[in-house]
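J.: Listed here are the chains, written in short residue letters.
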Amino acid sequence: MTVRDPEWRLEQAGPDAVLRLAGDWIAQDTGVRDTSVARRVLTGVAGGTRVRIDTSELGRWDSALVAFIEDLREQRTAAARSGHAFIIDEAELPRAARRLLALAAESEVPAAKVSEGGPPVSLLSRIGSSVISVSHGTVAASALVGDVALRSGAALTGRLRSRTGDVFLLMRDAGARALGIVAITNALVGGILAFVGAVQLRRFGTQIYVADLVGIATAREMAAVVTAVVMAGRTGGAYAAQIATMQGNEEIDALKVLGIPVRDYLVMPRVMALVAMMPLLYAYGCAVGLVGGMIVTVSTVDVSSSAYIQETQRAITYTHLLIGVTKSVVFGAVVALAGCYIGLRAGRSSADVGQAATSAVVVGIIAVIGLDWLFAVCADALGI
Amino acid sequence: MGPINPASDRLSVSGLTLAYGKRTVQRDLSFSVRHGSVFAIMGGSGCGKSTVLKSMIGLLRPTAGTILIDGEDYWAAAEERRAQISRRFGIVFQSSALWSSMTVAENVALPLQMFTPLSADAIAVLVRLKLSLVGLRAASGRMPADLSGGMRKRAGIARALALDPDILFFDEPSAGLDPVTAKRLDDLILELRDGLGVTIVIVSHDLPSLFATCDDGIFLDADSGTAIAHGAPRTLRDGCDNPTVRAFMGRERLQDGRSMET
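Residue numbers (the working numbering), protein chains in the order written: chain A, -15 to 368; chain B, 19 to 280.
These are calculated hints, taken from the structure and not from any lab test.
Among these hints, one or two may not hold up.
[To be verified] Once the Cα atoms are required to be at most 20 Å apart in a straight line, the calculated DMTMM-like pairs of lysine to aspartate or glutamate come out as:
hint	chain 1	residue 1	chain 2	residue 2
1	B	Lys40	B	Asp239
2	B	Lys201	B	Asp233
3	B	Lys201	B	Asp184
4	A	Lys240	A	Asp131
5	A	Lys240	B	Glu98
6	A	Lys240	B	Asp182
7	A	Lys240	B	Glu97
8	A	Lys240	B	Asp184
9	A	Lys240	B	Asp239
10	A	Lys240	A	Asp150
11	B	Lys40	B	Asp241
12	A	Lys240	B	Asp241
Construct the entire structure; sequences and hints are all you get.
T.: And the structure:
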């Protein structure tokens, strides 16, 4: 089938005008007319004129024609606003096209309802609004931390409004199921520490002190930090996503309406699970990290495994372990709280769920590293 | 609109204004819901029906006005007291809002576990009863994700009935249901009203459902931001002069063949 290009010409016929449409108006074959075409066609049409659309030579048509007529209508509206209104007579348009145009006009949501932007906001008010929003966020986060601290007493005496089964499931998920990834990361970090130490200390013939380096760094810093970072990515993000999804499904509303406290039912079990599991994961990560360091040391420098173990035992003190355990408990609480807090403040769309998970991971990791720095400063001040 | 009589009305609202931030959704609403009636909050999409519901169930604090539940000012009450009052509500959310990590039976059991001193055996008996009421006894062990839309809605009703509520709120009960399932749900709503004597508040724009179930109501308008008509949906259809209400009610003819002209 041959395709004829669409044509349009405006002819003056006495006081009125005729807009002759010809050819095929098929979007895929002959394209869609630019808005400027409608503007050019109607330029110079005097106010009060009746523009009749003549379709006697019109071939095939689809949305391309409807879009063109829509543009003509918009031009007419613009002209009416500037004081010289004219009429477009669409009576000759194919019936289907008229129905489509009527539908398009009917489904239009009034502009007043769509845009609720209001006047532009000045930079100063934007800064003010963000400061207020940050301060509200800080208050809400502090309130959650305070609530959780207060409810810890209830948790210890079994007066918490949550299901024990949930806590055990969460503990399994945050504990046993995380063993693999915690082992891999800590073994690799232990190995890396040993490599760095071995290369440097070999030059002085003091390679046995690689065991001290790996032991102290792992027990005091790396096992707790690496495990917490892994848990922030794995579990903190999951908590945020779970709670944000519940938000979207109105599940949180259902809890609130029944008067089931969200912090008891959703937040406390998660905090308890991570706080209980993190020291265990720390101990496990620490052991795996030390083994990783030993394997690398024994295979790269002239130190036997028994000498390495003896030196490690000598190097690691209870203070180091206590610092590591304390950190792991604090990091566990922070990661769980960040996940829950961000999940509870999430919006209700699927995009919000993704954003909540990402924010929880980022906030969790930054909080862990920031707190680790604070621990280091405090330990230095206390001389431990 | 009938005169507000806090003493005999189950729920009465006066001068209620609701807003999200600076955007007012509805203002100056006044209506009352009689004991044992099925009350409709009607209106087109986006007019604020669900927002009004949210304020009645404690999810959105009004910017002005009062909501009296059996004569007691709901929002003026302390949080603890408000939670107690809310426990006399059963709410069926639009999306059913079943807790997705629990089975249907566990969903129904949770409010009983949380707020009653009943033993696990007693709770199991009650859960079976509530699920039987909505015809879901056989699905008690299934997860919400495995249920059809109609079944989820029924499970939501069973959970709402768990604590034997005085008032049942439905948010768009027939949303997403085929006409036959929606009709069954309408019948169930009426049976619950007659059988349990609960007062029911339905937020909906589904005309066949509204005509079939409701004996009183309020019509909200998005443009004026307030109520433009009061009365039973059928009465409004047959005798309301307001052009917006007439246009809305006139859509019934265009809807599916689910005629409720009984």
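J.: It remains to establish, for every hint, whether it holds in the given structure.
T.: Hint check:
1. B:Lys40 to B:Asp239: 19 Å, holds
2. B:Lys201 to B:Asp233: 17 Å, holds
3. B:Lys201 to B:Asp184: 24 Å, violated
4. A:Lys240 to A:Asp131: Status holds; Cα separation ~16 Å.
5. A:Lys240 to B:Glu98: 12 Å, holds
6. A:Lys240 to B:Asp182: 18 Å, holds
7. A:Lys240 to B:Glu97: Holds, because 12 Å separates the two Cα atoms, which is no more than 20 Å.
8. A:Lys240 to B:Asp184: 18 Å, holds
9. A:Lys240 to B:Asp239: Distance of about 28 Å is beyond 20 Å: violated.
10. A:Lys240 to A:Asp150: Roughly 18 Å separates the two Cα atoms, so the pair holds.
11. B:Lys40 to B:Asp241: 17 Å, holds
12. A:Lys240 to B:Asp241: 31 Å, violated
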